[in-house]
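Chains A and B supply the protein sequences, listed in that same order.
Each residue of the first sequence is one higher than the one before, starting from 1 at the first, in our numbering.
Each residue of the second sequence is one higher than the one before, starting from 1 at the first, in our numbering.
Mixed in with the good hints there might be a few duds.
Distance condition first, Cα-Cα at most 30 Å in a straight line; then the derived DSS-like pairs of lysine-lysine [stated by the list, open to error]: (1) 235/A x 3/A; (2) 3/A x 137/B; (3) 137/B x 235/A.
Source of the hints: derived by calculation from the structure; they are not laboratory data.
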Amino acid sequence: MSKLYRVLPFLLFLTVVIIWEAAARSGLWSKLLFPSVASIAYEFGRFLVTPESLHEAWVSLYRALAGFALAAVVGIFVGMLMGRSKLVAGLLDPLFSGTYAVPKLALFPVFIFVFGIGSGSKVALVFLECLYPIVIMSYHGARGVDLVLLWSAQNMGASRAEILRRVVIPATAPYIFAGFRVAVPVAMIVVVITEMVSSADGLGYLVIYSLSSLRTDRMLAVVVAIALLGYLLDKAVVLARDRLIYWEKLDTYYV
Amino acid sequence: MGLARAGFFLSLLLLWQLLSLRGLPAYVLSPLEIIRDFGAALGSAELYEHAGASLARSLPGFALGTFFGALLGLAAGTARWFDRAFSPAVFASYPVPKIVMLPMFMLWFGIGDLSKVLIIALACFYPVFINAYYGVKATPAILVWSALNMGAGRGAIVGRVVLPSAAPMIFAGMRVSLALSFIVMFAAEMINAGSGLGHLIREAENSLRFDLMYVSLLAVAILGYAGDRLVRFAQRRLLAWQEQPA
Chain A
1 MSKLYRVLPF
11 LLFLTVVIIW
21 EAAARSGLWS
31 KLLFPSVASI
41 AYEFGRFLVT
51 PESLHEAWVS
61 LYRALAGFAL
71 AAVVGIFVGM
81 LMGRSKLVAG
91 LLDPLFSGTY
101 AVPKLALFPV
111 FIFVFGIGSG
121 SKVALVFLEC
131 LYPIVIMSYH
141 GARGVDLVLL
151 WSAQNMGASR
161 AEILRRVVIP
171 ATAPYIFAGF
181 RVAVPVAMIV
191 VVITEMVSSA
201 DGLGYLVIYS
211 LSSLRTDRML
221 AVVVAIALLG
231 YLLDKAVVLA
241 RDRLIYWEKL
251 DTYYV
Chain B
1 MGLARAGFFL
11 SLLLLWQLLS
21 LRGLPAYVLS
31 PLEIIRDFGA
41 ALGSAELYEH
51 AGASLARSLP
61 GFALGTFFGA
71 LLGLAAGTAR
81 WFDRAFSPAV
91 FASYPVPKIV
101 MLPMFMLWFG
111 IGDLSKVLII
121 ALACFYPVFI
131 NAYYGVKATP
141 AILVWSALNM
151 GAGRGAIVGR
161 VVLPSAAPMI
171 FAGMRVSLAL
181 SFIVMFAAEM
191 INAGSGLGHL
201 IREAENSLRF
211 DLMYVSLLAV
221 AILGYAGDRL
231 VRFAQRRLLA
241 WQEQPA
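Bound conformation, chain B alone (with noise of 0.2 Å):
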């Protein structure tokens, strides 16, 4: 099996290579040279600093909005009368796209990195809060209740029981903030920014530079593949004593 499917991708990635022998548009590069101008931009400074603004921003964001969520997630999940009053406003603007109040942000908090940080937080809140909630909901009762019996209190109840029981679905939830973090990242530093990964792609676009453009794109999609792995790495270490969703 492993060998089918690399022989898969390696023959996707000749068919394309191939191609561009026969002369693909300018606006789209070969394998090969992408390789090549990535390689060249992994020794110049201007890729590092980029990549350093962009996280610079989307992690205390994801960071921010994840510490969030769990908490007002497990919140809601725990204690009725915050669910009541909280919960729907929630779930009522759970569809909408946080990113249009960025421009409303930029003027609350300044056009620099606190409102993009913020808009973030505000996207990677929604997932995390809603796995953290159904999390708890989750929690068998019986586990509960039999905690109840042996004389845990409160917090023991949420520390000791529905913490462990939600917890693999507050890392599902991180997965998928991680992953929006990206997207609002990009899309708020495509929107107007003066460093980041996001802004090197527009000026990259503007001036036709594609060698640019695939490798701000690459170093994006590396970057994000490189943060799922993190997460779930850090889901493995953390929750060992848990089965693994498959």
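Isolated chain A (complex conformation) (with noise of 0.2 Å):
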């Protein structure tokens, strides 16, 4: 029974490649509305040799990663200083939880005109996208230190420093990863959306450039290729977590 469970996944999978071919092969539909599983998998092995279209994928990733780690540096310290204050927090938590559920996508086109039409806007964005789960769960996790590890350390003469470095920050330290896996995704979400409104380069342009040369093979070739990349940043955080972080496991995907 438990081997059947752990096969289980995978014929989900093997089911829906085959309708998927079924549907390609039946004729009842354009090639372009179902692309047949092995001209996909052609065009994302020519994607994968080919040198243009892994230079797109590394500005997409560079664009991603430079906007994350600007939101990370940014957000940790102002979360924490959150955390610790009670002015900065009572000054800081409406601004952020009250434009939390405002789609900061529609400051894009304000930040072409600030930023330029380049990566300048769309760094800008996933900084901005990114700050607030981390700025949130290191908040979250700062405030909640455990008081009585704090007074331990102040009886024991440890100086404010020390405390942070040796009390506070190994506390927040899993909240703060809790955000940044929550953060990845939302730097390839918006990077990839950037790109498909306004961009010259970039797997979010290359989607649309060739949906609009009718190559639905290609396309769904870089879909995939998105997939990976998506699914291989959050492997990436899992990995460093849990390398850094053993003293503490906190599973959390959401806010």
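Take the two lone chains and join them into the complex the hints point to.
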């Protein structure tokens, strides 16, 4: 029974592939609507060996990582400051929770004018969207540091810097990584969207370009590449978390 | 605290307004100008038409996505075979930006509203599914055992124990989904639409109508904020018996 459970997800995947291939071969729909699995796989292989398409992937990755890294640095700082200072929390918390549900994407046209049509506006938007989960989770973590631990450290004569380094940061780190876990897919979403809306390079642009040239097999190959990239980035965060944070596991997808 | 907070925001706005006196680039309007333009737009029918078109896409998508997300998430949390078969696919595809499927959806379901509603539903499905799933998993075993002891059937346990226990998590997922629904709606309209706030902002951008750009920006912000408040209000009313998360 347990063996059956292990193969079930692959069975599901296989069923979807078979249904897709059957739809492609049935001739009921145009090849444009359901390109055969073989042609998508071929295009994906071509994608992997073409330097130009790898360059587009690198452009998207660079934008996502640059925005994410900026958001991580600023977000951890601001979030922990909010967590340790009532005044900062009182001033900034309404700002972040009030604008949390507002789609920051709406600022993209303004950002294009401010930061230019190239990578600048996209990195800025990735930064802004990733900032929220990271700030909120670091705030949450830094606020909830066990008071007993803080008192003990103070009693034993730890300085403020030592308390920060040895108590507050280790206690907040699991939450920071939970925020990262939310922010990484967001970074990918924003990069792809902005590249689809207005760009001349990147994977999102490649999707729109392949569609405009009516090569849906090529487009789906790019979709597969984007999916793979998003999946690997998430895995990288999990890997880094498991290596760095061995004292507490916080398996949260949600904010 | 409230006073300090209000003072902080007012001084931010004041600083912005003062900067505009010194001359800002044409694409940065001052707060007063934005309010004036927004007030003027409220008096015309155009803004309502576009906002209505946007809501007609995002709300059905949100409803569809959260309904199936909650349903399948509860199913995956309670039925082991369904969990093993279905959940890995959901978790593996969670970090993938769902918007990339929009062109394919447009080919399958046409370039009208249906493809946009479905892509919004797809994006909204994930947070609710995952939260419902973990919500079910976090149900205290002792409650389930007590119910079993008192002779409750499977249906009663799911309906009276598991669902109420998972409900706060489901609502948390709905809040994330709602924010996502506005992002995806806006993106889909910016990529391809003849109406809606995303379309309006693109038009404004292309014709350098900065006033219109900020009007649609503010309209989206207000809709997103109001929707979030509504979900929180619904949560407080429906789950009044539960401790509210801080």
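Item to check | Ascending list of hint numbers which this structure does not respect | outcome: none
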